[in-house]
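Each chain, letter by letter, is given below.
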Amino acid sequence: MADKILKELTIRVWRQKDAKSKGKLESYKINNISGGTSFLEMLDILNEELINKGTEPIAFDHDCREGICGMCSLFVNGRAHGPDNDITTCQLHMRKFSEGETITIEPWRAGAFPVIKDLIVDRMAFEKVLQSGGYISVNTGGVPDGNAIPISYDDAEEAMDAAACIGCGACVATCKNSSAMLFVSAKVSHLAKLPQGRVEATRRAKNMVAKMDELGFGNCTNTGACEVECPKGISIANIARLNREFLSATIKE
Amino acid sequence: MSSFLSSSIGKKLIMSLSGLFLIVFVLVHLILNSFLMFDSTGELFNAGAHFMSLPIIRFGLQPVLFGGFIIHIIYAITLTLQNQKARPQKYAVQNLSNSSTWSSRNMFVLGGLVLVFIAMHLMHFFVPIQIEGNVHDDAQLVKALFTNGSMGLVYTGLYVLGAILLGLHLAHGFWSAFQSIGFSNKIWKKRLEKVSYFYAIFVAAGFIIIPLYLHFFA
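Each protein sequence line maps, in turn, to chains A and B. Following my numbering, the numbering of the first sequence begins with -12 at its first residue and continues without gaps. Following my numbering, the numbering of the second sequence begins with 134 at its first residue and continues without gaps.
Next comes chain A alone, as it looks inside the complex:
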């Protein structure tokens, strides 16, 4: 079955020359977009038209285009990764939009994620939080035997669910407080649930929370918007675990 064709769309997009410039929303028309086109392909088509017209193309982040790298971002029509659940922007398709619609595209908005250009933001803050978590105590060397360390099925599953975080920043972008708690809790949880990560679990929770606060992310108010917009469906149960880890780390001191 042929995909429906969207004859005309208005793309309202944030244009900002560089980190220091003041940006603004600008509108572009785009015609004859197939419903099977991915959202980023639609932006590619628009960029090609802009280049042909001699206009600077829209800068946006992307990499794998299959929803596993966490590079694409975009706040589309007021939602992180656009109007669909459990997907990244590269997995969003134009069939989710209707004929004649005006689509507003903005970069992630957070003090900790400054805009570099157009729709690209600097997400180095996440790397800094990860770095502050430090190492885990495992011996390097040969490949360890499978099941040498007993781990219950539930723990393994929960750790794996938390490890699904791709660090895209949708949680921060969608949170009304720009809180990074879902990201940090996922990173703390996937190690805290496993014996290998348990050794430094207390120190890790403390350091990562301290770094998160220092970088200017907001405070969690448990609205739960992050888990809805997370492309990997990371649960806010992880945030409760992070709170536990952090509180027990404080008590132990």
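Warning: the hint list may mix true and false statements.
Covered stretches of chain B (chain A as the covering partner; in silico rule of three or more C-beta atoms under 8 Å from a C-beta of chain A) [as the list claims (entries may be wrong)]: (1) 142 to 150; (2) 214 to 223.
The list that follows gives simulated cross-link-like pairs (lysine to any residue, SDA-like), each with its CA atoms no further than 20 Å apart [stated by the list, open to error]: (3) Lys163(A) - Ser236(B); (4) Lys322(B) - Tyr332(B); (5) Lys104(A) - Gly143(B); (6) Lys239(A) - Phe316(B); (7) Lys319(B) - Pro70(A); (8) Lys198(A) - Gly143(B); (9) Lys223(B) - Leu202(A); (10) Lys163(A) - Pro70(A); (11) Lys322(B) - Glu144(A); (12) Lys163(A) - Pro221(B); (13) Lys11(A) - Pro221(B); (14) Lys163(A) - Tyr224(B); (15) Lys163(A) - Tyr332(B); (16) Lys239(A) - Ser140(B); (17) Lys163(A) - Thr211(B); (18) Lys144(B) - Pro70(A); (19) Lys218(B) - Gly203(A).
Calculated Cβ distances over 12 Å to all of chain B for the following chain A residues [unchecked claim]: (20) Lys4; (21) Glu28; (22) Ile32; (23) Leu33; (24) Asn39; (25) Ala46; (26) Gly120; (27) Asn126; (28) Gly129; (29) Asp132; (30) Asn134; (31) Pro137; (32) Ala143; (33) Ala150; (34) Ser166; (35) Glu187.
FYI, nobody ran anything at the bench for these hints, they're computed from the structure. Where a beta carbon is used, it is the ideal one built from N, C-alpha and C, also for glycine.
Please arrange chain B on chain A, whose structure you already have, making use of the hints.
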């Protein structure tokens, strides 16, 4: 310890503990108020109000209660200011209605409105009964407020509104307090949310029924 109290999670812990303390207070307050409906002579309510005026309560528990309120308010302001600062540039279009509840996003506004209500409420009852101390029939004072002429209807309306605002605040605040303490997981979140909604509806309904009852039947 100071680094703990200045951390985001530390401040949230204080928010939740003071919130849970106030949640208990609200329930005690509701039970006491319900005496107005179970005894039309007002003697039961007066006995309760008299107990609340005993020195041990006034000078022992009341400062703790006011302390709870003040801590809850100060930390709410601190956290909200930080949260505002965390997003210097706002979105032109933001749609949060399908990812979070209205009350969860408006806790500060709801709390502020509840505070305005509490200020009015203290002027009505706390000041004459406990500060001025010239009231002999407390139940009569309450009944008079809700029945006196056309203002009786206005005050009934304001108290019903106050109860609704409190209910909305509690609907998110109750389970959220447990989440901040760390007492939650995938299974318990669902249970806590149910208890939270039940508690919020119970408290709001209680505080709505009492002024309505007094206005129409007392």
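Problem - Those earlier numbered hints the structure runs against, lowest number first - result: Going through the list in order, the structure violates hints 5, 7, 15, 18 and 34 and respects the others.
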